[in-house]
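Asks: Based on the sequences and whatever the hints tell you, model everything.
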Amino acid sequence: FKFYGDLFKFHEIRFFDIEGKFTGLLSRALTSPCGRIRIPINEDRGEKGQIVEYLNRYKGEGIQHIAVGAKDIYAATDAIAENGIRFMPKPPEAYYHLSKDRVIGHDEPLEKMMKHGILIDGEGVVDGGETRILLQIFSKTVIGPIFFEFIQRKGDDGFGEGNFKALFESIEADQIARGVLDDTKPAA
169 FKFYGDLFKF
179 HEIRFFDIEG
189 KFTGLLSRAL
199 TSPCGRIRIP
209 INEDRGEKGQ
219 IVEYLNRYKG
229 EGIQHIAVGA
239 KDIYAATDAI
249 AENGIRFMPK
259 PPEAYYHLSK
269 DRVIGHDEPL
279 EKMMKHGILI
289 DGEGVVDGGE
299 TRILLQIFSK
309 TVIGPIFFEF
319 IQRKGDDGFG
329 EGNFKALFES
339 IEADQIARGV
349 LDDTKPAA
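Position 122 of the sequence shown, counting from 1, maps to 290 under my numbering, and the rest follow consecutively.
Heads up, none of these hints are tricks.
Derived pair list, reagent style EDC-like, types lysine to aspartate or glutamate, alpha-carbon separation capped at 16 Å:
1) LYS258 with GLU317
2) LYS189 with ASP342
3) LYS333 with ASP212
4) LYS170 with GLU180
5) LYS333 with GLU317
6) LYS170 with GLU211
These are computed hints drawn from the structure, not numbers from a lab. Values in this document were obtained by computation on a predicted structure and should not be read as measured data.
Replies: Next comes the structure, spelled out in C-alpha coordinates:
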(Lines of atoms letter the chains of each structure in order from A; the text may use other names.)
(Lines give C-alpha, C1' and ligand atoms only; values in the text may rest on other atoms or scores of the structure.)
Protein backbone atom coordinates (compact mmCIF):
# COMPACT_ATOMS: atom_id res chain seq x y z
CA PHE A 169 0.00 0.00 0.00
CA LYS A 170 3.07 2.25 0.16
CA PHE A 171 2.62 2.83 -3.60
CA TYR A 172 -0.77 4.52 -3.05
CA GLY A 173 0.61 6.63 -0.23
CA ASP A 174 3.68 7.77 -2.13
CA LEU A 175 1.93 8.41 -5.44
CA PHE A 176 -1.57 9.54 -4.43
CA LYS A 177 -1.14 10.49 -0.74
CA PHE A 178 -3.65 7.84 0.33
CA HIS A 179 -3.50 6.81 3.98
CA GLU A 180 -4.68 3.78 5.91
CA ILE A 181 -7.95 4.21 7.80
CA ARG A 182 -8.74 0.61 8.77
CA PHE A 183 -7.00 -2.75 9.09
CA PHE A 184 -8.96 -6.01 8.98
CA ASP A 185 -7.80 -9.51 9.86
CA ILE A 186 -10.69 -11.72 8.72
CA GLU A 187 -10.88 -15.46 9.34
CA GLY A 188 -13.60 -17.68 7.90
CA LYS A 189 -14.17 -21.39 8.41
CA PHE A 190 -11.77 -22.34 5.62
CA THR A 191 -9.72 -19.29 4.63
CA GLY A 192 -8.66 -15.85 5.80
CA LEU A 193 -7.45 -12.49 4.56
CA LEU A 194 -5.78 -9.29 5.66
CA SER A 195 -7.10 -6.01 4.31
CA ARG A 196 -5.94 -2.43 4.60
CA ALA A 197 -8.55 0.19 3.79
CA LEU A 198 -7.02 3.30 2.29
CA THR A 199 -8.59 6.67 1.56
CA SER A 200 -7.63 9.62 -0.59
CA PRO A 201 -6.78 12.97 1.03
CA CYS A 202 -10.32 14.26 0.25
CA GLY A 203 -11.90 11.08 1.65
CA ARG A 204 -14.07 10.42 -1.41
CA ILE A 205 -12.02 7.58 -2.92
CA ARG A 206 -11.46 4.42 -0.91
CA ILE A 207 -9.48 1.36 -1.83
CA PRO A 208 -9.13 -1.93 0.04
CA ILE A 209 -5.79 -3.69 -0.46
CA ASN A 210 -6.30 -7.39 0.28
CA GLU A 211 -3.84 -10.19 1.00
CA ASP A 212 -4.74 -13.86 1.41
CA ARG A 213 -3.73 -15.73 4.57
CA GLY A 214 -3.55 -19.12 2.87
CA GLU A 215 -3.27 -21.00 -0.40
CA LYS A 216 -6.95 -21.51 -1.34
CA GLY A 217 -8.69 -18.29 -0.38
CA GLN A 218 -10.58 -15.80 -2.48
CA ILE A 219 -7.53 -13.59 -3.11
CA VAL A 220 -5.40 -16.52 -4.31
CA GLU A 221 -8.30 -17.68 -6.50
CA TYR A 222 -8.59 -14.17 -7.96
CA LEU A 223 -4.84 -13.89 -8.67
CA ASN A 224 -4.68 -17.35 -10.27
CA ARG A 225 -7.89 -17.09 -12.25
CA TYR A 226 -7.30 -13.60 -13.61
CA LYS A 227 -3.51 -13.84 -13.95
CA GLY A 228 -2.64 -11.08 -11.50
CA GLU A 229 -3.88 -8.12 -9.53
CA GLY A 230 -6.97 -6.11 -10.36
CA ILE A 231 -10.23 -4.62 -9.22
CA GLN A 232 -12.32 -6.91 -7.02
CA HIS A 233 -15.44 -4.79 -6.68
CA ILE A 234 -17.00 -1.42 -7.41
CA ALA A 235 -19.25 0.32 -4.88
CA VAL A 236 -22.36 2.14 -6.09
CA GLY A 237 -24.45 4.45 -3.90
CA ALA A 238 -28.23 4.02 -3.65
CA LYS A 239 -30.89 6.34 -2.22
CA ASP A 240 -33.30 3.44 -1.57
CA ILE A 241 -31.40 0.16 -1.39
CA TYR A 242 -34.56 -1.95 -1.25
CA ALA A 243 -35.97 -0.50 -4.49
CA ALA A 244 -32.50 -0.60 -6.06
CA THR A 245 -32.09 -4.28 -5.12
CA ASP A 246 -35.46 -5.12 -6.70
CA ALA A 247 -34.58 -3.25 -9.92
CA ILE A 248 -31.11 -4.79 -10.10
CA ALA A 249 -32.48 -8.32 -9.58
CA GLU A 250 -35.15 -7.72 -12.25
CA ASN A 251 -32.29 -7.01 -14.67
CA GLY A 252 -30.67 -10.37 -14.00
CA ILE A 253 -27.96 -9.46 -11.50
CA ARG A 254 -27.61 -12.16 -8.83
CA PHE A 255 -26.49 -11.46 -5.29
CA MET A 256 -24.14 -13.22 -2.90
CA PRO A 257 -25.78 -15.74 -0.55
CA LYS A 258 -27.78 -14.10 2.24
CA PRO A 259 -26.42 -14.31 5.77
CA PRO A 260 -28.21 -16.60 8.22
CA GLU A 261 -31.43 -15.31 9.82
CA ALA A 262 -29.57 -14.86 13.13
CA TYR A 263 -27.51 -12.07 11.51
CA TYR A 264 -30.66 -9.96 11.25
CA HIS A 265 -31.95 -10.68 14.75
CA LEU A 266 -28.53 -9.89 16.24
CA SER A 267 -28.36 -6.63 14.27
CA LYS A 268 -30.61 -4.96 16.87
CA ASP A 269 -27.88 -5.55 19.48
CA ARG A 270 -24.99 -4.73 17.15
CA VAL A 271 -26.47 -1.57 15.57
CA ILE A 272 -28.28 -0.04 18.54
CA GLY A 273 -31.60 1.67 17.90
CA HIS A 274 -31.81 1.09 14.17
CA ASP A 275 -35.34 0.95 12.83
CA GLU A 276 -34.71 -0.88 9.57
CA PRO A 277 -37.43 -3.48 8.96
CA LEU A 278 -35.88 -6.89 9.66
CA GLU A 279 -38.29 -8.81 7.41
CA LYS A 280 -37.51 -6.49 4.49
CA MET A 281 -33.77 -6.72 5.15
CA MET A 282 -33.98 -10.54 5.24
CA LYS A 283 -36.10 -10.72 2.09
CA HIS A 284 -33.59 -8.62 0.15
CA GLY A 285 -30.42 -9.94 1.85
CA ILE A 286 -29.45 -6.41 2.92
CA LEU A 287 -26.61 -6.09 5.43
CA ILE A 288 -26.58 -3.35 8.08
CA ASP A 289 -23.68 -1.74 9.92
CA GLY A 290 -22.80 1.44 11.75
CA GLU A 291 -23.13 3.05 15.15
CA GLY A 292 -26.93 2.96 15.17
CA VAL A 293 -28.66 5.84 16.89
CA VAL A 294 -26.11 8.03 18.66
CA ASP A 295 -26.39 10.86 21.21
CA GLY A 296 -28.83 13.47 20.02
CA GLY A 297 -30.90 10.89 18.15
CA GLU A 298 -28.87 10.97 14.93
CA THR A 299 -28.91 7.71 12.98
CA ARG A 300 -25.56 6.49 11.65
CA ILE A 301 -26.00 3.32 9.65
CA LEU A 302 -25.18 1.95 6.26
CA LEU A 303 -27.01 -0.70 4.29
CA GLN A 304 -25.16 -2.93 1.81
CA ILE A 305 -25.60 -5.82 -0.56
CA PHE A 306 -23.06 -7.47 -2.85
CA SER A 307 -23.63 -9.00 -6.27
CA LYS A 308 -22.05 -12.19 -7.51
CA THR A 309 -19.30 -11.62 -10.08
CA VAL A 310 -20.67 -9.76 -13.08
CA ILE A 311 -17.81 -8.65 -15.33
CA GLY A 312 -15.00 -11.21 -15.19
CA PRO A 313 -13.84 -11.10 -11.58
CA ILE A 314 -15.64 -7.88 -10.68
CA PHE A 315 -18.68 -7.77 -8.43
CA PHE A 316 -20.70 -4.78 -7.28
CA GLU A 317 -21.44 -3.42 -3.84
CA PHE A 318 -24.65 -1.43 -3.53
CA ILE A 319 -24.66 0.83 -0.49
CA GLN A 320 -27.05 3.28 1.11
CA ARG A 321 -25.51 5.57 3.71
CA LYS A 322 -27.64 7.01 6.46
CA GLY A 323 -25.17 9.24 8.26
CA ASP A 324 -22.35 6.65 8.27
CA ASP A 325 -19.26 6.98 6.10
CA GLY A 326 -17.48 3.84 7.32
CA PHE A 327 -16.42 0.70 5.48
CA GLY A 328 -19.08 -1.60 6.87
CA GLU A 329 -16.57 -3.20 9.20
CA GLY A 330 -19.21 -5.38 10.82
CA ASN A 331 -20.28 -6.67 7.42
CA PHE A 332 -16.78 -7.46 6.17
CA LYS A 333 -16.86 -10.90 7.80
CA ALA A 334 -20.40 -11.56 6.52
CA LEU A 335 -19.23 -10.73 2.97
CA PHE A 336 -16.13 -12.87 3.42
CA GLU A 337 -18.26 -15.82 4.55
CA SER A 338 -20.64 -15.32 1.60
CA ILE A 339 -17.72 -15.42 -0.84
CA GLU A 340 -16.40 -18.52 0.94
CA ALA A 341 -19.84 -20.19 0.57
CA ASP A 342 -19.84 -19.24 -3.12
CA GLN A 343 -16.36 -20.79 -3.51
CA ILE A 344 -17.62 -24.02 -1.90
CA ALA A 345 -20.65 -24.07 -4.22
CA ARG A 346 -18.35 -23.64 -7.24
CA GLY A 347 -15.95 -26.38 -6.03
CA VAL A 348 -13.01 -24.04 -5.37
CA LEU A 349 -12.96 -24.89 -1.65
CA ASP A 350 -13.46 -28.26 0.01
CA ASP A 351 -15.88 -27.73 2.90
CA THR A 352 -14.61 -30.84 4.68
CA LYS A 353 -11.20 -29.28 5.32
CA PRO A 354 -11.39 -26.33 7.76
CA ALA A 355 -8.54 -23.82 7.97
CA ALA A 356 -5.66 -24.98 10.14
